[in-house]
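Trainee: Each chain sits in its own coordinate frame; assemble them with the hints.
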Amino acid sequence: MIYKKKRPLLVFLIPAFAFLITYLYYPFLQNILNTFLNIGGLGRAAKGMNDPWYENYRRLISDPELRTALKNTVLLTVCTVVFQVGIALILALLVDSIRVGAKVFRTVYFFPIVISATALGLMFNLIFLYKGGMINQLLLNAGLLESEVKASGKLIVQWFDWKNEKHFLFTMFLPVIWQYVGFYFVILITGLNNIPDDLFEAAALDGASGLRKIRYITLPMLRNVLCTCLVLAITGALKVFDLPWVMFGAGMPQNQGWLTGTYMYDQTFNKMNVDYGSTIAVLIVVLGVVLSNVANRAFKTTEDY
Amino acid sequence: MIEKKLTPGKVLTYVVLCLWALTTVYPFVWVVLNSFRQKGLILSDSFSLPLGEAFTLDNYRTAMERSNFGNAYLNSILISGTVTVVVIVLAGLAAYGLCRYRFRLRGLLQSMVLAGMMFPVFSTIIPVFRMQVVMGIAGTGNRWLSLLATILPQIAGNLCFAIIILTGFIQSVPIELEESAYLDGCNVFQIFFRIIVPAAKSSFATVAIFAFLWSYNDLFTQSFFLRYPQERAITGLLNEISSQAGVNYGLMASAVVLVVVPVLIVYVCLQKHIIKGLTAGAVKG
Numbered sequence: 003m004i005y006k007k008k009r010p011l012l013v014f015l016i017p018a019f020a021f022l023i024t025y026l027y028y029p030f031l032q033n034i035l036n037t038f039l040n041i042g043g044l045g046r047a048a049k050g051m052n053d054p055w056y057e058n059y060r061r062l063i064s065d066p067e068l069r070t071a072l073k074n075t076v077l078l079t080v081c082t083v084v085f086q087v088g089i090a091l092i093l094a095l096l097v098d099s100i101r102v103g104a105k106v107f108r109t110v111y112f113f114p115i116v117i118s119a120t121a122l123g124l125m126f127n128l129i130f131l132y133k134g135g136m137i138n139q140l141l142l143n144a145g146l147l148e149s150e151v152k153a154s155g156k157l158i159v160q161w162f163d164w165k166n167e168k169h170f171l172f173t174m175f176l177p178v179i180w181q182y183v184g185f186y187f188v189i190l191i192t193g194l195n196n197i198p199d200d201l202f203e204a205a206a207l208d209g210a211s212g213l214r215k216i217r218y219i220t221l222p223m224l225r226n227v228l229c230t231c232l233v234l235a236i237t238g239a240l241k242v243f244d245l246p247w248v249m250f251g252a253g254m255p256q257n258q259g260w261l262t263g264t265y266m267y268d269q270t271f272n273k274m275n276v277d278y279g280s281t282i283a284v285l286i287v288v289l290g291v292v293l294s295n296v297a298n299r300a301f302k303t304t305e306d307y
Numbered sequence: 613m614i615e616k617k618l619t620p621g622k623v624l625t626y627v628v629l630c631l632w633a634l635t636t637v638y639p640f641v642w643v644v645l646n647s648f649r650q651k652g653l654i655l656s657d658s659f660s661l662p663l664g665e666a667f668t669l670d671n672y673r674t675a676m677e678r679s680n681f682g683n684a685y686l687n688s689i690l691i692s693g694t695v696t697v698v699v700i701v702l703a704g705l706a707a708y709g710l711c712r713y714r715f716r717l718r719g720l721l722q723s724m725v726l727a728g729m730m731f732p733v734f735s736t737i738i739p740v741f742r743m744q745v746v747m748g749i750a751g752t753g754n755r756w757l758s759l760l761a762t763i764l765p766q767i768a769g770n771l772c773f774a775i776i777i778l779t780g781f782i783q784s785v786p787i788e789l790e791e792s793a794y795l796d797g798c799n800v801f802q803i804f805f806r807i808i809v810p811a812a813k814s815s816f817a818t819v820a821i822f823a824f825l826w827s828y829n830d831l832f833t834q835s836f837f838l839r840y841p842q843e844r845a846i847t848g849l850l851n852e853i854s855s856q857a858g859v860n861y862g863l864m865a866s867a868v869v870l871v872v873v874p875v876l877i878v879y880v881c882l883q884k885h886i887i888k889g890l891t892a893g894a895v896k897g
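Going down the list, the protein sequences come from chains A and B. Just so you know, we're using this note's numbering here: the first sequence kicks off at 3 and counts up by one. Just so you know, we're using this note's numbering here: the second sequence kicks off at 613 and counts up by one.
Read the hints as simulated data drawn from the structure, not as lab findings. Just so it is clear, the structure is predicted and the values come from calculations on it, not from any experiment. Just so you know, not all the hints are guaranteed correct.
As the list claims (entries may be wrong) - List of simulated lysine to aspartate or glutamate pairs, EDC-like, C-alpha gap at most 16 Å:
no., chain 1, residue 1, chain 2, residue 2
1, A, Lys215, A, Asp199
2, B, Lys622, A, Asp98
3, A, Lys7, B, Glu791
4, A, Lys133, A, Glu148
5, A, Lys73, A, Glu167
6, A, Lys215, A, Asp200
7, A, Lys6, B, Glu791
8, A, Lys215, A, Asp98
9, A, Lys215, A, Glu203
To be verified - Which stretches of chain B does chain A cover? Using the computed rule of at least three CB atoms under 8 Å from a CB of chain A, they are:
no., segment
10, 763-770
11, 870-877
Don't be surprised by glycine CBs; every beta carbon is placed ideally from N, CA and C.
Just chain B, same shape as in the assembly (with noise of 0.2 Å):
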């Protein structure tokens, strides 16, 4: 079945892809050549490779000695891992009881999640705020209560996507699968974590992957409930760093290095489990 003709058409999408892979790639090596380069040569010549005399680690030094980003790592992988793991738990078991299940109140929860995903976090974000100081858990100056203030919005924002994402392909699963592992005597909580979560594993991988992405790029929230050193994630760190750097553009090339490596590596490391998810879920005959 396998065609190994190269056609016209193959050449022309082959092209097609590249290019826009090209868009996608480009920018990201420009900023890291970049970051080793003298700084005041950016501006003139931001195309060749940094060798010789261009060539530096100035900037990396400067960016580790200016801030902690030690710490900074710590408190983002805290808390984007909390957020992720329960975003996935909990979306996952709302959007099964909004698929599967006919009741009254679904329309209306139906709507609640789809209108959810409307309200731009700055419209909340200042009632979220005195709530949690009365609660007592924001602006108290305690790394930890700092960082579950972070979380919880943050877990409450990323509900309302991961939930409408999950119950488009938790649809998709044929019911037959449920029904039968029902007759041999499952109850509904054994037919979601053995059928559901096994044949919808892709689109978990995916939510995973943005929930952690959102919650470690998402420097309002953090602006807000991060107020102390200690307590800075790593996208408050690269916005402190570069209202500072100023013109010097080495330096902001640098952080941006610094803080977005780490977040490529979970993602080629997700990337796996999304394509094995793929291959092997129970969907495909």
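In isolation and in its complexed conformation, chain A is listed as follows (with noise of 0.2 Å):
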């Protein structure tokens, strides 16, 4: 009855659309136009059409390391899923059942969001460091590493490379996940507190201990949220750029490091291939949107007001 009265609506809708519209909407139709023209630099005009316009969807087709980009995405989108938000979830619940010191680990477990990526990734290039690096220091002191002394006094050590061929792919998902367990913590934690006490008192009355109550309570009321956590992430991971890139830059090791993101800035910024790049956003963009509706349909209560 309240909201019988549509116009205070336009109040509500207006200024946010308009932003949207103006800084994501025109830009992003834009961005599609600017796939079928040859554009040779970021500020220059376009040279007009591609030849045959769909060039560039063409070439996405058959790019090989598009495909590699592609798989590692795909790859790196599960491992978000299940590891960011699963982490993040058995952490919340474990907070979630402790009085003394939950302030602590919810202040910092946010810690590594807080630090801006530029600064994590110089942060974990040190830590991976092929010579001298703390991990490789640590496996050293472990004695896990060969090493030998010269008779020069000279300490030669066959150090770990953690960015070769074969383990590229951990050094580069570890950090990505890591950082943003603490955000889905933050907004897992905060909806089990919007959770009524009453519930679980009432299931207490019942006698139903621990485990099913987390069956049975919890995580039924926490499946808006946890979709919510779902779609960020697997958005998430579509957008990864910047921890990547300071850490692996252009593709590394042997072209097999590429992420959507890295390859698309790549293309745009460096190879100056504007409307090839444009045409990869399509791409990002377009499996997002199949991906979060995916897991929408799957999970998503259609609890309306």
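Mentor: Right, dumping it as structure tokens:
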């Protein structure tokens, strides 16, 4: 009954959507248009249409590096959904079950998000550094790396290369996943706090144990929040850029390390294929919409007011 | 009701929680320690405390001498502060409208918000840059206009996320509260500011933190619109220092610390409000 009169709706919606349309949708449509044009540089005007006009989309299908990027990105998406949201859920449930120190954990888990990805990238470069990085120093101290002291007193060590072709995915994914666990943790813990206490009290009176409470009250009540987390994790993983870029640069090692985000950036800003870069951006958006719709279908309750 | 006993389950809980806390705190401690270490020593021994011979303030001295940190802090706070305020107001209003009203375009608008989340910044930045040049706010060399040119796209970039989060929480506010306020003679705007905002206070604080941090840490937009030294914001400064520092890891560490400290202060301040909002929210019975 309150919401029958629709006029106030204009005040609610117009400012935000005016922003979205001018700064997201208009530029994005412009971007789609750019995929059909031939643009040689960032500031330069288009040199007319591509020949044929769908040239970029043809290239999209036959580009082997893009295929690598897609493979890595899909793998990263799966890993983020499983590990980021999974670890965050476990941590949130654990923190919710304790009284002493809950505040401290809440504050501390958020630290990696506070630090900019540029700074984190530099930090992880130091941590995974080939010669004398933090992890290699640890391995050396633990005696896990082969080393010998030469007659001249010089220490020769077989350092472990964390960024070689066999291990680069681990080195690339670990910081990305680790950084945003705290983010989903905060969202989930806020959701947990919004569940009314009387539900748990009623369950306790009925004799429900800890695990059963989680299974039959917490998880169903968290469903919408979890769904929000899933959508954010999927779209976030598709856009990942700064950390891998600072750590791996352009497709290291040996063109195996591309993600859709870094590949698109490289095409647009280093190779100056602005129109092809725009095409990859379109692909990222389409993938994101499709995947998060699937997640929404599978999870969201159709609870409406 | 409170169990004082220390059960094995409790111990395990704390062990797991502490282990994860270690991974989130230690790297930061490691960077702080190494920012005080003589630059040559980081690669050979980065774990010990930098005491005696190894201790130095040179890294900070070099960082402060080479770059204008005060100015960059001011620019960052102006940009991120404005972005945060505008985002929570606009997103709060929009989320409320989308949650509570039934109207024909609702489904379309909701998918617009969802789809807006997928746009990578680099897919919109080139047209935005051209558009803002035409509007006369980008690339003018005027410091205030350049700040504005950074603020506007950042607001748009944060809105979708904020709307999604706030919609989730406003939905869980019991509608009975609003109905009784309406019967007491409140109009929808009064309901929004007196019922919805206090009830969803925790999620507003959460959204504010994220908007501030993303704006502060967003190197990409900054590097497009803040091109002159007096316009540079703090993350841009860090990038510049790191590209000049080469293998001077000590300088890098000290610059990282200088960039991270103000954000930690803001975070710890707002953190209190989050916890207060959680425990005193009108939602809980």
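Trainee: Does each hint fit the structure? Answer for all of them.
Mentor: Hint by hint, here is what the structure shows:
The straight-line distance between the Cα atoms of A/Lys215 and A/Asp199 is roughly 12 Å, inside the 16 Å bound, and the hint therefore holds. Restraint check: the Cα-Cα separation between B/Lys622 and A/Asp98 comes to about 12 Å, which is no more than 16 Å; the hinted pair holds. About 14 Å separates the Cα atoms of A/Lys7 and B/Glu791, which keeps this hinted pair within 16 Å; it holds. Distance check on the hinted pair: A/Lys133 and A/Glu148 sit about 13 Å apart at the alpha-carbon level, within 16 Å; holds.
With a CA separation close to 15 Å, the supplied pair A/Lys73 and A/Glu167 stays within the 16 Å bound. For the given pair, A/Lys215 sits about 12 Å from A/Asp200 by alpha-carbon distance, which is consistent with the 16 Å threshold. The hinted pair formed by A/Lys6 and B/Glu791 meets the criterion: a straight-line CA distance of about 13 Å does not exceed 16 Å. The hinted pair formed by A/Lys215 and A/Asp98 meets the criterion: a straight-line CA distance of about 13 Å does not exceed 16 Å.
Under the criterion of a C-alpha separation no larger than 16 Å, the hint pairing A/Lys215 with A/Glu203 is consistent with the structure, at around 10 Å. Coverage of the segment 763-770 of chain B by chain A holds in this model, with 5 residues showing a Cβ closer than 8 Å to a Cβ of that chain against a need of three. Closer than 8 Å: that is the beta-carbon criterion, and the segment 870-877 of chain B has 4 residues meeting it against chain A, so the requirement of 3 holds.
Checked against the numbered hints listed earlier, the structure breaks none of them; every hint is satisfied.
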